[in-house]
Amino acid sequence: MARPILDIRDLSVSFATPRGSVEALRDVSLTVPQDSIVGIVGESGCGKTTLISTVLRLLAYNATVKSGEIVFEGENVLAMSDERLRDLRGRQVAMVFQDPMTALNPVLSIATQMLDIQYREPIPTTEKRRRAIDMLRRVGIPDPEHRLEGYPHHFSGGMRQRISIAMALLMNPALLIADEPTTALDVTLEAQIIRLLRDLKREFKGSILFVSHNLGLIAELCDEVVVMYAGEIVEQGSVRQLFHDARHPYTRLLLECDPARIEKASRHLPTIAGNLPDLAHLPGGCIFAPRCPRVHEPCRREAPQNYAASKGHDVRCFLVRDG
Amino acid sequence: MAATDTVTAAPRVEASASAWRRLLADPLGAFGLALVVLIVASAIFADWLAQYPPTQLDIRNKFSEPTLIHWLGTDHLGRDTFSRVVYGGRIALWVSLVAVSISLVLGLVLGMLAGYGPRWLDSFLMLVFDAVRSFPTIMFALAVVIMLGPSLETVIFIVVVTSIPVYGRIVRTLTLSMRVNEFILAERSLGAGPVRVLFHHVLPNVIGPVLILASMEIPVVITIEAGLSFLGVGVRPPTPSWGSILNDGYAFIRDTPWLVLAGGMPVIVTTLGFTFLGESLRDIFDPRLRRD
Amino acid sequence: MADAALLVAEGIRVRFRTVGFVRALIQGIRDPFIDAVLDVSFALGPGETFGLVGESGSGKTTLVRSIVGLVDLAAGVVRFDGATIVDRSDSGLRTIRRNVSMMFQDPVASLSPRKTVRALVTEPFHIHDMTDRDLDVEARQLMGMVGLPVQLLANYPHQLSGGQARRVGVARALALRPKLIIADEPTAGLDVSVQGEVLNLMNELQTDLGLSYIIVTHNLPMIRHVSDRLAIMYLGRFVEEGPTAAIFAAPRHPYTLALLGAVPQPDPDKRREEIGLIGEVPSLRNRPSGCEFHTRCLFAQERCRVEGPVLREIEPGRRVSCHFPRM
Chain A
15 MARPILDIRD
25 LSVSFATPRG
35 SVEALRDVSL
45 TVPQDSIVGI
55 VGESGCGKTT
65 LISTVLRLLA
75 YNATVKSGEI
85 VFEGENVLAM
95 SDERLRDLRG
105 RQVAMVFQDP
115 MTALNPVLSI
125 ATQMLDIQYR
135 EPIPTTEKRR
145 RAIDMLRRVG
155 IPDPEHRLEG
165 YPHHFSGGMR
175 QRISIAMALL
185 MNPALLIADE
195 PTTALDVTLE
205 AQIIRLLRDL
215 KREFKGSILF
225 VSHNLGLIAE
235 LCDEVVVMYA
245 GEIVEQGSVR
255 QLFHDARHPY
265 TRLLLECDPA
275 RIEKASRHLP
285 TIAGNLPDLA
295 HLPGGCIFAP
305 RCPRVHEPCR
315 REAPQNYAAS
325 KGHDVRCFLV
335 RDG
Chain B
20 MAATDTVTAA
30 PRVEASASAW
40 RRLLADPLGA
50 FGLALVVLIV
60 ASAIFADWLA
70 QYPPTQLDIR
80 NKFSEPTLIH
90 WLGTDHLGRD
100 TFSRVVYGGR
110 IALWVSLVAV
120 SISLVLGLVL
130 GMLAGYGPRW
140 LDSFLMLVFD
150 AVRSFPTIMF
160 ALAVVIMLGP
170 SLETVIFIVV
180 VTSIPVYGRI
190 VRTLTLSMRV
200 NEFILAERSL
210 GAGPVRVLFH
220 HVLPNVIGPV
230 LILASMEIPV
240 VITIEAGLSF
250 LGVGVRPPTP
260 SWGSILNDGY
270 AFIRDTPWLV
280 LAGGMPVIVT
290 TLGFTFLGES
300 LRDIFDPRLR
310 RD
Chain C
335 MADAALLVAE
345 GIRVRFRTVG
355 FVRALIQGIR
365 DPFIDAVLDV
375 SFALGPGETF
385 GLVGESGSGK
395 TTLVRSIVGL
405 VDLAAGVVRF
415 DGATIVDRSD
425 SGLRTIRRNV
435 SMMFQDPVAS
445 LSPRKTVRAL
455 VTEPFHIHDM
465 TDRDLDVEAR
475 QLMGMVGLPV
485 QLLANYPHQL
495 SGGQARRVGV
505 ARALALRPKL
515 IIADEPTAGL
525 DVSVQGEVLN
535 LMNELQTDLG
545 LSYIIVTHNL
555 PMIRHVSDRL
565 AIMYLGRFVE
575 EGPTAAIFAA
585 PRHPYTLALL
595 GAVPQPDPDK
605 RREEIGLIGE
615 VPSLRNRPSG
625 CEFHTRCLFA
635 QERCRVEGPV
645 LREIEPGRRV
655 SCHFPRM
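Residue numbers (the working numbering), protein chains in the order written: chain A, 15 to 337; chain B, 20 to 311; chain C, 335 to 661.
In isolation and in its complexed conformation, chain A is listed as follows (with noise of 0.2 angstroms):
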């Protein structure tokens, strides 16, 4: 197998807070093979957002890697120098944020943005004029000539999702990460994003690390997926492994209570009982055992490892086991 571009192993992160250590991440290891999208779900306070700061070491500075290694394309991000980073952060992995009002400098026209980012190129600014137009086009952006000129709120909220990933992806980077890219979108302006994020895949020969709390939008887009909760990986596997045969009961119940799967229309939703436990004072044992509706004998006691349901499809759970 080719060596993949994103392989996170072990890795633990915590943040000291007056309330003592809070273990956000907690010995979290996941692949980005090349050519693929892996999708990210979990619901707040899953530690999805500290992972993808971790791995643009854009952490705060009460945050401590306690254990494990990211390594980005054979390097291990960790332990790169500050300008290496800066090279990493601008050339080879590209963010996408929620908020397509904000990601924008709203006094900058599109064009200096656009250009900006290229200044590390070797190449006059008219060539770098024709790429940021070429993008503009290739993101959907109508009369990209024209709008070039434009400032951010001349651009309607999809719009500027779009030139926010035309810019990310003005580099080619190895690896885009998008961390939930449509929620700020009606839902017509999400199904283009995804088209565009899809389609742009297949032309980039890129990786894209997706992040949402969105089934809907992981089953469509990705190929991988990871499920996370509270700090944790619970499972991972190919999107037919998790959609179709889901193994943890926490991914089971997170499917279960999404409207969009219920067929029927029913006025009571399905919900998960309790609450997060609280990430500063850990409960022994498994990390979900408090609300699991299958808790059983050895699941307070100690804690699960990964065992594996099937090949590429592992689950943190002693059900899975014990068969």
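Read the hints as simulated data drawn from the structure, not as lab findings. Idealized CB from N, CA, C, for every residue including glycine. Check before you lean on any hint, since a few could be wrong.
The list that follows gives simulated cross-link-like pairs (lysine-lysine, DSS-like), each with its CA atoms no further than 25 angstroms apart [unchecked claim]:
no.	chain 1	residue 1	chain 2	residue 2
1	C	Lys604	A	Lys325
2	A	Lys215	C	Lys513
3	A	Lys215	A	Lys142
4	A	Lys278	C	Lys604
5	A	Lys142	A	Lys80
Here are the in silico distance ranges between beta carbons for each label pair [said to hold, decoys possible]:
no.	chain 1	residue 1	chain 2	residue 2	range
6	A	Lys278	C	Pro483	29 to 35 angstroms
7	A	Lys278	C	Ser390	25 to 31 angstroms
8	A	Gly104	C	Ser390	43 to 49 angstroms
With chain A fixed as given, assemble chains B and C onto it according to the hints.
Relative to chain A, chains B and C alone:
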């Protein structure tokens, strides 16, 4: 996401409880607080601290150098400078406290009205505020003194008129940004009228930053008072004031430099104290400036 | 249903000024207004849940705000249980405020940040001069109704989780025992596992108290489960209205079709049937001629460009404004 949530939420819960600790942990804040306490205490206990009445003349002992009897010497009329400085502090604090409180209250009310009221009222109030601010303070002060005559009340009046726009503008901006918040809409949908919205819901949210601004305005007012008194249009002699002490000493600066120092140092110390304290408070209470 | 209706809105129109008076005069702009809501009529029965969907800018939020008098009506009448309001100064508005509560989008930001939960849930009594009752008892009772522990009464909004803050919002809405609750995106910002809790709570309260709801949302999978009737808004108008089940089973307006088709399916083997839309939502300042949807409609014909359709009943209880409704 929640990892960051818990991290940012946790200190906020304890913010008020630990405000003192944070203030004392900040060296500049603790220093400012110490200076302010010192000055306020000396003003309150002026009657015990000063060995002489501040206006008691002793012509035979004029221009005395600092001695054990007269800690800061005496002036050209033989008055004890230390006593005058202590009582002058009382005047300075009194003027600034009264003036700042009045302008704070009026600035709050007018600012909230401008920010929440109809557009024409906003335009009108802003026009007035700008007109006042564009007038050079010292010219305005001199004109007022000529009309009303020099007195403590005149100084307070001048300060109030010129600093209402300072508070008014900030309160207006804060109110404007707040009126589009959902919780204001939620209150209105319950039937809350403008008075209730302003005083129950807007006021508690704007008062913090404005109070901190006020604490930083106190030294400004003290300087204005000292300045006016120095020019002889402030507090009427023989009432002691740091400005008039400076002025009295100024004429004899070559022979008795300690008189100028005695008038100038307290102004500097007070300014520094309130400014340090105000800045430290602002950093503690303004979450946007806080580093965690 | 019309005579038994709890709320009737007739010919609602809401205009916003987009250019200041002086600038309009100087630049010679004739019409400095846009119509955020145009010619909307509907009726809501007791105990009914009415869903209002549309993209951002479709006027759904403005419409419900005009009903409770948060924005002025440029035309039209709102009748509630016999009381009538035409503009904000009407005495009928007080009846509406007593009987209609609103829940706002952001669960935390819609709570006044410096007030305790107790102050927040008892505030409606203060506003309406009903302080003669025992407010402690009321506060505890409201907390019980929304399933929150009474210990939370001493908390401030930022100390609540999203789900808890949403429940406090429900408690406030319930305080005056309204007949109608208008909920603007009640599930926005909540995790899927918590959305169900809030919707189930709202459903239980409806059964127990006979409440009516108007739910404004763009969450189509959710509204399918919780609403009896549905209206789809585009550029400030209703384009389709009818029973929720019927609309989801067979959308008639091309826009409804596109909207439903855009919902992603949480199943990797079921691709959504994307009925694409052409272009973007037109500006309210330049409403298209004829049918206002024709610029984005895949099925538009010559007639659509010149003649605007009227919202007409095509089967009992089902209205569509389209010359060529889908079958």
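Going through the hints against the structure:
no.	hint	result
1	Lys604(C) with Lys325(A)	24 angstroms, holds
2	Lys215(A) with Lys513(C)	52 angstroms, violated
3	Lys215(A) with Lys142(A)	22 angstroms, holds
4	Lys278(A) with Lys604(C)	17 angstroms, holds
5	Lys142(A) with Lys80(A)	42 angstroms, violated
6	Lys278(A) with Pro483(C): 29 to 35 angstroms	34 angstroms, holds
7	Lys278(A) with Ser390(C): 25 to 31 angstroms	30 angstroms, holds
8	Gly104(A) with Ser390(C): 43 to 49 angstroms	33 angstroms, violated
Checked against the numbered hints listed earlier, the structure breaks hints 2, 5 and 8; every other hint is satisfied.
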